[in-house]
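So the sequence lines, in the order shown, correspond to chains H and C.
By full-length UniProt numbering, the letter at position 241 of the first sequence is numbered 241, and the numbering carries on one by one without gaps.
By full-length UniProt numbering, the letter at position 32 of the second sequence is numbered 32, and the numbering carries on one by one without gaps.
The reader is advised that the hints may include incorrect statements.
Stated by the list, open to error - One side only, chain H facing chain C, incomplete, derived with CB under 7 Å:
| # | residue |
| --- | --- |
| 1 | Pro74 |
| 2 | Ser75 |
| 3 | Val281 |
As the list claims (entries may be wrong) - Every beta carbon over 10 Å from chain H, so not counted as near; a handful from chain C, in silico:
| # | residue |
| --- | --- |
| 4 | Arg94 |
| 5 | Asn237 |
| 6 | Met286 |
FYI, nobody ran anything at the bench for these hints, they're computed from the structure.
Positions of the beta carbon are idealized from the N, C-alpha and C atoms, including for glycine.
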Amino acid sequence: MEKIPFHAFVHESTRKDRSDQSFLKITIKRFCMNKLAVIGFLALVVIIFGSLFAPFLVSHNPAAQNLMERLQPPSSMHWFGTDEYGRDIFSRVFYGARVSLLVGFASVLGGIFVGTMIGAMAGFYGGWVDNILMRMVDLVNAFPSIFLLITIVTLLEPSLTNIVIVFILLGWTGTARLVRGEFLKIRQEEYIWAAKSIGMSNLRIMLFHMLPNAIGPIIVAATLGVGGVILAESGLSFLGLGIQPPTPSWGNMLQGAQSLSIMVMAPWYPFFPGLMILITVLAFNFVGDGLRDAMDPKLDGRR
Amino acid sequence: MQAYILKRLLQAIPLLFGITLVSFFMMYLSPGGPTDLAMDPKIKPEDREKMMAALGLDQPPWVQYLNWLFHFIQGDWGTSFIRKVPVMDLIWERLPQTLLLMGTSFCFAALLSIPIGILAAKKKNSWVDYTSTFFAFLGLATPNFWLGLLLVMLFSVYWNIFPAGGIASFLSTDSGALDQLKHLILPAITLGTADLAGLTRYTRASMLEVLGQNYMQTARAKGMREWVVVYKHGLRNGLIPVITVFGLSLPSFFGGAVIVEKIFSYPGIGLLFLDAVFQRDYPVIMAITTFSAMLVVLGNLLADILYAVLDPRIDYK
């Protein structure tokens, strides 16, 4: 017998309405109505493109030292001034964005991947699997992250890869809890029973039936997470335990700027890298909150 | 209620063991330390083995762990490689300073966030609400080390109102307490700002929920004055979740103290920890990491118990 496609059973008019109102379209529409979220999104686009195309946008080599031009104030030549080695702060800020964003995105992607797998297993299987995995989450969460971060980074030697590994090692727990909670809810849905009754494998149910329904909160958590990692990484680099000079990162630029003599002679030097961190984290937070509101069915039409 | 508290206490025990296990194995896997010393080619292999045996390093790891745990529970947290002093003494010496700093910034955050949060909730969608929301967003996204640097630049370098670091001045006309307070203000603001922002948002959300409850309408219907309704009926319920958040923010205060103490050269646990990190003083690093985790478990426990005590609606079974 010839297979009849499912949509053949759905009335033409209904189908049209549905496709006009897909989840993605509704979300985008509602996201665009949130001014702060759109501003945050545009700011992120500028920062990301600025860091990707930094070599074409800035006129100075971020590593080029010029001892004749140490600690110059902002000018048409050096928009953000120069640092203690006469390097151009504007170009260092843009090259620093590459490192900060790379660490942020890589750590969050890794953390989301690990956290989703563990949370999915805990939520799907429940029982002792859930119990063991959640006790692991409790254990990782028990350490204030900065102590564990610093300790592991000192054991592993600070390098970009190691820093990302440590952030993944400590960052998966939030996603794991979130995904577990979503999966516990979704597990009770009828379509999961239906999928089980036709003999679908557990992996297939988890990947294709449960995960798509839990993806919204995961995306929101990831967006907010990038801001958090950027803050933590810059703090670590500020202490001299993160990205090592001469590679510029927002955190280690501030480390160079913290001496009292520089604060007296060149107050613009600590100002700009910190401002970039603030704007970037704020932008990720706005976009994350905007996405959350846009995907929340309870807030329908009230925003 | 007692049964609930006892149950929560018992649940914390395996977690504490887990913490010691993680701490021990980090130390076990760390490069350097006494075994590195034994790699010195001038030391004969027999002597090296004798030394390892004397330190108990020839035992299998789990025996070493149990040994370490046995000492740890008794309060013997090892001896600092660099300072040659028991780690416990170092921590006890520095702890009061850190607690003072945490307490001050905690007061700063609590005393400002609760009134602002209530006001923002009462006047929802007014300019008060929008301004507080704006600053809360800003506070949550500001890196604390940058805020610290800016505060030092403004208040110490330009205006010279507050000292840039330390806990006491060599030459000061102020009395001891005033001098100490002056040294506390900038670090406390730096440490407390993020929590101030978070708690303002939290108080606002909690109060908004309470203000919409039926018992608030009932209280108004009884003819009570508005401030009695808001502050007596509303606040008491609205603050329950906020108080538990204070318990949960204990780790962020303790962790934040590391960076803040570094900026202000404030001699507390955080600075002790960073010094130990740069000197590779593993016993100190491990002891403080373990100690911080125990503090978190304690904070969570406190938050849970406080919630149970404050909210009679919780079902203890």
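_Beyond 10 Å on every Cβ pair: is that true for C:Met286 relative to chain H?_
violated (8 Å)
Exercise. Could you check if H:Val281 really has its C-beta closer than 7 Å to a C-beta on chain C?
Key: With Cβ-Cβ at 4 Å, under 7 Å, it holds.
**Study point:** Interface hint outcome for H:Pro74 [beta carbon to chain C under 7 Å]
**Key:** violated (16 Å)
- Would the stated hint for H:Ser75 survive a check requiring a Cβ distance to chain C of less than 7 Å? violated (21 Å)
Status of the stated non-contact between C:Arg94 and chain H (beta carbon gap over 10 Å)
Answer for C:Arg94: holds, closest chain H Cβ roughly 15 Å.
Non-interface claim for C:Asn237 versus chain H (Cβ beyond 10 Å): Given that every Cβ of chain H is farther than 10 Å from that of C:Asn237, nearest at about 23 Å, it holds.
Checked against the numbered hints given earlier, the structure breaks hints 1, 2, 6 and satisfies all the rest.
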